[in-house]
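There are 4 protein chains.
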Amino acid sequence: MSGTVFHTTRRIEFADTDMAGIVHFANFFRFMEAAEVEFLRSRGLSVSMPWDGERIGFPRVAASCDFVRPVTFQDVVDVAVSIVKIGRKSVTYGFEFSKDGEVVARGQVSSVCCRVHPDHKLESMEIPATYRARLEGRD
Amino acid sequence: MSGTVFHTTRRIEFADTDMAGIVHFANFFRFMEAAEVEFLRSRGLSVSMPWDGERIGFPRVAASCDFVRPVTFQDVVDVAVSIVKIGRKSVTYGFEFSKDGEVVARGQVSSVCCRVHPDHKLESMEIPATYRARLEGRD
Amino acid sequence: MSGTVFHTTRRIEFADTDMAGIVHFANFFRFMEAAEVEFLRSRGLSVSMPWDGERIGFPRVAASCDFVRPVTFQDVVDVAVSIVKIGRKSVTYGFEFSKDGEVVARGQVSSVCCRVHPDHKLESMEIPATYRARLEGRD
Amino acid sequence: MSGTVFHTTRRIEFADTDMAGIVHFANFFRFMEAAEVEFLRSRGLSVSMPWDGERIGFPRVAASCDFVRPVTFQDVVDVAVSIVKIGRKSVTYGFEFSKDGEVVARGQVSSVCCRVHPDHKLESMEIPATYRARLEGRD
Chain A
752 MSGTVFHTTR RIEFADTDMA GIVHFANFFR FMEAAEVEFL RSRGLSVSMP
802 WDGERIGFPR VAASCDFVRP VTFQDVVDVA VSIVKIGRKS VTYGFEFSKD
852 GEVVARGQVS SVCCRVHPDH KLESMEIPAT YRARLEGRD
Chain B
752 MSGTVFHTTR RIEFADTDMA GIVHFANFFR FMEAAEVEFL RSRGLSVSMP
802 WDGERIGFPR VAASCDFVRP VTFQDVVDVA VSIVKIGRKS VTYGFEFSKD
852 GEVVARGQVS SVCCRVHPDH KLESMEIPAT YRARLEGRD
Chain C
752 MSGTVFHTTR RIEFADTDMA GIVHFANFFR FMEAAEVEFL RSRGLSVSMP
802 WDGERIGFPR VAASCDFVRP VTFQDVVDVA VSIVKIGRKS VTYGFEFSKD
852 GEVVARGQVS SVCCRVHPDH KLESMEIPAT YRARLEGRD
Chain D
752 MSGTVFHTTR RIEFADTDMA GIVHFANFFR FMEAAEVEFL RSRGLSVSMP
802 WDGERIGFPR VAASCDFVRP VTFQDVVDVA VSIVKIGRKS VTYGFEFSKD
852 GEVVARGQVS SVCCRVHPDH KLESMEIPAT YRARLEGRD
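Residue numbers (our numbering), protein chains in the order written: chain A, 752 to 890; chain B, 752 to 890; chain C, 752 to 890; chain D, 752 to 890.
So that you can see chain A by itself, here it is in the shape it has in the complex (with noise of 0.2 Å):
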């Protein structure tokens, strides 16, 4: 990614909202891993896919958030994820929502590479060398 910024939008939904008329703040988590998925998909790369022969995914490890103003029912805002830190086997975003060039929210999100087991079960491993490459932009 290098410096670069992927952004997508996202208009708010009635059933986002709470009863003090604004967003509820546990939805903010589910915007900011929409987005990573909509920045993963530009790069053929998704956060549960199979990759050579085996499934892998990408169980979040830790996740903050801050709420720097409220937005409400049919705002559109704009979610700008950037790559913080790729790690061994983690990697890290960052979010950037904002409504009419206003910064409304600010988080980080990280996840662990995994091999899903067909039970379920989740076992941390490298990121593939070639699923990097495309996170990264190289190919």
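There may be inaccurate statements among the hints.
All copies of an identical chain are treated as equivalent in the list; a pair is satisfied when it fits inside any one copy or across any two copies.
Cut-off 20 Å, straight-line C-alpha distance, at most; resulting in silico cross-link-like pairs (SDA-like, lysine to any residue) [claimed, not checked]: (1) K872 - E853; (2) K840 - R820; (3) K840 - P821; (4) K840 - V819; (5) K850 - A813; (6) K872 - Q825.
FYI, nobody ran anything at the bench for these hints, they're computed from the structure.
No experiment lies behind these values; they were computed from the predicted model shown.
Based on the hints, put chains B, C and D in the right spot on chain A.
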């Protein structure tokens, strides 16, 4: 079950509400499923469990709900679960939600008994006789 | 609408799935509402909006869905929205979800037009003539 | 609270899981909020309630969670709630989720005390002394 009704209760959470200040209607379907699981658990059963060396599941084929009165944050609702019909491969549950003795919603959910293959593929099957006996309270 | 049908699409997100590997059935009700809102937006309307100096809303009084085929992560579904019936105070929408040309689910949602008071109290009212005209595409 | 910790438990529901067969990470934020509300209720408080003739609320300004071990359907988790910090206008809670005595997740949520106006507008305010006293267990 034969006329008997299983009861469970649930306290409404902040995240269950929407900007109208009431429980978002889609959540009643989550509540019905959770009450069904509680009922099944009281009989030593579940909606997804190993059975005779296989995994069986009960994907939903139909669901409906009438919303009679609004339900709000921190309300405690009683959920009455009854078996409406047990077919050869399917089962239909009825649900009545009440608050302070007044009905607030009524719904039904129908599921089909399926063999769940390791790759997640679902194949409908007859409800095993031993499962059925326990479901009907004959075991 | 009178025979016309509104279409929108939706890509299934990871958080929409459950441990059976398919979209959790309760999410179809969120999807129906979001499609209804998209349809209304195409007519300059919404499920919650100011109208003639008041706020009107459309709390749901009934919802149902038949689940025909499983839908999975990253599937793109077409959602067809049609008006089934417009009553004096209520409106019923029909929804047909399809994937690659095959129907995967069919549902209905009925709502009642309400005056929303500042304290969130809901009072049913006739659908305003101007709202109805736009809803019916006569405006 | 001063060293004391409030405990509540929660049984994982089918709808809490995702296609990886584990609790979807965004749900832990719902669980934290629900545990916070349980703690507050034990002190006669809430995240949204009338207070001295006004309505106060506690919109979240930051939330984070580390996911240590996977949690699955029907697991019963213990949620330990502690007050990390009470500021003039804000409060930060810490949460530790455990299963069979092992930690499965740890998180924090910070909220700001706000006056909630009838139009849903939020205005930050000092935590009322009477609310604070009860929160700190001095009442």
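Status of each hint after checking the structure:
Taking the shortest Cα distances, K872 and E853 sit within 20 Å of each other only across copies (18 Å), while inside one copy they are farther apart (42 Å). Only between protomers do K840 and R820 lie at most 20 Å apart by alpha-carbon distance; the minimum there is 17 Å, versus 34 Å within a single protomer. Proximity of K840 to P821 under the C-alpha cut-off of 20 Å is restricted to the inter-copy arrangement: shortest distance 17 Å between copies versus 35 Å within a copy. Proximity of K840 to V819 under the C-alpha cut-off of 20 Å is restricted to the inter-copy arrangement: shortest distance 16 Å between copies versus 31 Å within a copy.
For a Cα distance limit of 20 Å, the shortest separation of K850 from A813 across copies, 18 Å, qualifies, whereas the shortest one inside one copy, 25 Å, does not. Taking identical chains as interchangeable, the C-alpha atoms of K872 and Q825 lie at most 20 Å apart only when they sit on different chains, with a minimum of 17 Å there against 39 Å within one chain.
Going through the hint list in order, the structure satisfies each hint without exception.
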